[in-house]
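J.: For reference, the chains in residue letters:
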Amino acid sequence: MKSKATQSNLKAKEKKPGRSVPELAALVLFLFALIIYFSFASEYFLGVENWINILSAVSVAGILAVPGTMLLIAAQVDLSIGSAAAFTGIIAGLFINSSGVGLGIFYAILMGVVIGLVNGIVITKIQVNSLITTLGTLAILRGLSYIVGGGQTVMVPNLSYLGLARPFLNLPLSVIIFGFICILGILIMRYTTFGRSLYVIGANPSAARLVGIRTPKVILICFVLSGVATALAGVILTSQLTAASPMAANGLELSVITAIVLGGASLNGGRGTISGTILGLLIIGVLNNGLVLLNIDTFWQQVARGTLLIIAVSFDQLRERWGVKRS
Amino acid sequence: MRIPASDLVLLTASAIRKSFGGVEVLHGVDLHLARGEILALLGENGAGKSTLVKILAGDYSADSGTVRIGETEYSDLNPRKSRALGIRMIFQELSDAPLLTVAENISMGTWSSKRGIVSWSKMRERANFALSTLGIDIDPDRLVGTLRIGERQLVEIARAISDNAKILILDEPTAALSSAETDKLFLVLNALRERGVGMIYITHRLDEVGIISDRVQVLRDGTQSLVVETKKASRVELVRAMIGGEIASLPHSDSDDYFGDTILAVSELSLDKFFSDISFTLRAGEILALYGKIGSGAEELGEAIFGLHPERTGIVKLNTQTFKPKSPIDAIGAFIGFLPADRQRLGAFMIRPVAENLAVPSWPRYSVKGFITKKKEEIAYLHWSELLKIRSRNDPDQLIATLSGGNQQKVLLGRWFECNAKVLVLIEPTRGVDVGARRDIYHTLRQRAKDNNIGILLTTSDHEEVTQVADRVVVMSRGKQVAEYKGKEINNSQIIQAAS
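The listed protein sequences derive, respectively, from chains W and S. For the first sequence, the positions run 1 to 327 when the numbering used here is used. For the second sequence, the positions run 1001 to 1500 when the numbering used here is used.
These are calculated hints, taken from the structure and not from any lab test. Positions of the beta carbon are idealized from the N, C-alpha and C atoms, including for glycine. Among these hints, one or two may not hold up.
[What the hints assert, rightly or not] With a straight-line Cα cutoff of 27 Å, these simulated DSS-like cross-link-like pairs (lysine-lysine) come out:
| # | chain 1 | residue 1 | chain 2 | residue 2 |
| --- | --- | --- | --- | --- |
| 1 | W | 217 | S | 1326 |
| 2 | S | 1081 | S | 1326 |
| 3 | S | 1369 | W | 217 |
| 4 | S | 1422 | S | 1389 |
| 5 | S | 1232 | S | 1273 |
| 6 | S | 1324 | S | 1376 |
| 7 | S | 1326 | S | 1389 |
| 8 | S | 1369 | S | 1389 |
| 9 | W | 217 | S | 1324 |
| 10 | S | 1081 | W | 125 |
| 11 | W | 125 | S | 1317 |
| 12 | S | 1293 | S | 1480 |
| 13 | S | 1374 | W | 217 |
| 14 | S | 1054 | S | 1293 |
| 15 | S | 1422 | S | 1326 |
| 16 | W | 217 | S | 1389 |
| 17 | S | 1450 | S | 1317 |
[What the hints assert, rightly or not] Pair by pair, the computed Cβ-Cβ distance ranges are:
| # | chain 1 | residue 1 | chain 2 | residue 2 | range |
| --- | --- | --- | --- | --- | --- |
| 18 | S | 1443 | W | 35 | 37 to 47 Å |
| 19 | S | 1146 | W | 216 | 30 to 40 Å |
| 20 | S | 1324 | W | 152 | 37 to 47 Å |
| 21 | S | 1491 | W | 190 | 53 to 63 Å |
| 22 | S | 1373 | W | 302 | 39 to 49 Å |
| 23 | W | 51 | S | 1370 | 27 to 37 Å |
[Stated by the list, open to error] Chain W residues, not near chain S, derived (Cβ > 10 Å throughout):
| # | residue |
| --- | --- |
| 24 | 200 |
| 25 | 208 |
| 26 | 211 |
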């Protein structure tokens, strides 16, 4: 009805166009509140080296969160990323030890592409729900990580220089890769038809089909991107530990989804931004780091992250409810 | 026996005012309803119909004014109180439980039970009683989800009645019904009238007003512009009361040189179970209606031309080339546009901006090697927003969900004009669109068809739409094409007869 529409028009008018602004503003405020609190509580918090620590700690989750955000915007989810990172890490480790660093990394990325294709084909061709499909590959890849590595941690001494390298602005390689992927993600979502069509698919898949969007192809590409990101994450984790463990990145998918949802992406698709996800990552990173600096038992980190997830989803729900009232 | 409308007043609402966010949408509206009376409530979208009935149902509270029910005057109804007073609303979106049986649905919330143990026999008995008094022939043991939409609506009415509803508010109950189902509904409403139930019947369809109602109340911009006994109301008068002016009749032309070349030629098109052996042509600049009741196959025929039923047989020629689309992507590539009937589910991207909604199918044209900026779609939106009279904030980032139904539909139409479609397939283009926007849409279609040389294929179950806008009509019934009229030959009674 128009009466309602005019009413909500007025409401929206007060707010200013671009409804993502107030959400991100709330996140920025929350992040600053955390920073201010921790900087008073600990003298080390604001140091440059500590910030590099924070960025370094979120970089692996961050590399996965960028394609993760793209998927969630298209109303898809990839739960297999943690296991896939462990598996590609082991593949990288084994091949680096046998055939050298370059070939090892190449095979890991190839494996990432294969994992993405398998997820993507099952989801788009057989049309199994993405949550179920990737829950399956999550278990499969974790199992394969143990099988391929013989249940052992694979030592990869050759990779130590990559893990320690700080080629630019004294930043670790992982942080640089993370930054690069973020910029790439932002550009893709803003300036390509591929990125823009993810929003449309998430907002209404049936309508997307009727305006000529190639939904299966777009979703498949997205899962492949996610697979490549897991390979990068797997190699980075291996280089940081100079070892590939079949237990690596256990439960990482949950931190990644926490960050994405905290950053304003809707679980129902159609909403979200890469910059929001980056803010979500920083909030989690700062919180974890601050709790460590305050000498709080690390178990509390998990409690804090869990609480944050629930708060994030509550935010999402409240926004959805707003949305219903507006329409 | 009919109870005279002046006696036995059930409900009197007086001087109801209501504002949302500082804007008054009801400026002191009155409403009376007598026992056994059907009051048709007419008005464009935004006239305040829904707000008014929601105040009666207790969903909204009025800013001022009173509602008198029986002997008592209320100024603060709430949903619970309204229910207790016997007011029930039957919504367009069904609120039943599809996985439960008819009997369970009818007893929902008021189960016959003893200490928490449900008595199935009593429940069935009660359902049988409610259904039979209304003359509804539905097995109470069937799952509601297996019923047709019209039957489900009747079950909802039976549920309200078995719960002692005295006042029934029906919000566009026939919007999704076939004409047979509509007839069935009217029989039930007449049975309710005999039992003294008062009904408020919200509708867009003028012909239904004459068939079913005793009195008509028209709202315009939050005031009552007309209250009249149905017998004394003329159609013209009702339309004028709704929109505050006349509907300009649109120019028809049956002269053949008015139109361009044949752009779409369909011969012996068939789709299993839906339609068979359909042949027609469409010329540039022409609006061809495919008219038929719901289930006539007209809708599926339109879909088949857009590539939604690749298994269809027969020949479609597009500009003399054989055209066999496998998917909507092929059809869009051949400059065919498609407006689905279900705007919410298949048309709009509700949580996305208007400009994006308008521009999506034009993205390939905008983009350079897959790269795209928002600038072009913002310009496109502002262009079409003015041309199609889209009432909005003129902000390309405004969400389409915040527009009224008619304006959403204009955005979805503009989508295909922007994309330079040469053939436009429209399925029920004005379903759920108010009279004002409908008039705009008809004007736009006529204008665009002529100026841009577009052929428009419009499938509809609304005969008024055919007489309003079509240059030619192919009438369909049970999957067959049964008649064709053009220009001045088109009149309502003729096409209705042909379709039945």
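J.: Against each hint, give a clear statement of whether it holds in the structure.
T.: Here is how each hint holds up against the structure:
1. W:217 with S:1326: holds, 16 Å
2. S:1081 with S:1326: violated, 56 Å
3. S:1369 with W:217: OK: residue 1369 of chain S and residue 217 of chain W at ~17 Å, within 27 Å.
4. S:1422 with S:1389: Holds. Residue 1422 of chain S to residue 1389 of chain S sits at ~22 Å (cutoff 27 Å).
5. S:1232 with S:1273: Since the Cα atoms of residue 1232 of chain S and residue 1273 of chain S sit roughly 45 Å apart, the hinted pair is violated (cutoff 27 Å).
6. S:1324 with S:1376: Given pair residue 1324 of chain S, residue 1376 of chain S is violated - Cα atoms ~32 Å apart, limit 27 Å.
7. S:1326 with S:1389: Status violated; Cα separation ~35 Å.
8. S:1369 with S:1389: Roughly 33 Å between the alpha carbons, so the hint for residue 1369 of chain S and residue 1389 of chain S is violated.
9. W:217 with S:1324: holds, 22 Å
10. S:1081 with W:125: Cα-Cα ~52 Å, so violated.
11. W:125 with S:1317: violated, 31 Å
12. S:1293 with S:1480: holds, 12 Å
13. S:1374 with W:217: Status holds; Cα separation ~23 Å.
14. S:1054 with S:1293: Judged against 27 Å, a Cα distance of about 32 Å means the pair is violated.
15. S:1422 with S:1326: holds, 19 Å
16. W:217 with S:1389: Distance of about 36 Å is beyond 27 Å: violated.
17. S:1450 with S:1317: holds, 21 Å
18. S:1443 with W:35: 37 to 47 Å: Given range 37 to 47 Å: violated, Cβ gap about 58 Å.
19. S:1146 with W:216: 30 to 40 Å: Distance hint for residue 1146 of chain S, residue 216 of chain W holds at roughly 32 Å.
20. S:1324 with W:152: 37 to 47 Å: violated, 59 Å
21. S:1491 with W:190: 53 to 63 Å: For residue 1491 of chain S and residue 190 of chain W the Cβ distance comes to about 54 Å; the hint holds.
22. S:1373 with W:302: 39 to 49 Å: holds, 43 Å
23. W:51 with S:1370: 27 to 37 Å: Since residue 51 of chain W and residue 1370 of chain S have Cβ atoms about 36 Å apart, the given range 27 to 37 Å holds.
24. 200: violated, 6 Å
25. 208: For residue 208 of chain W, whose nearest Cβ neighbour in chain S is about 8 Å away, the distance does not exceed 10 Å, so it is violated.
26. 211: Violated, since 4 Å does not exceed 10 Å.
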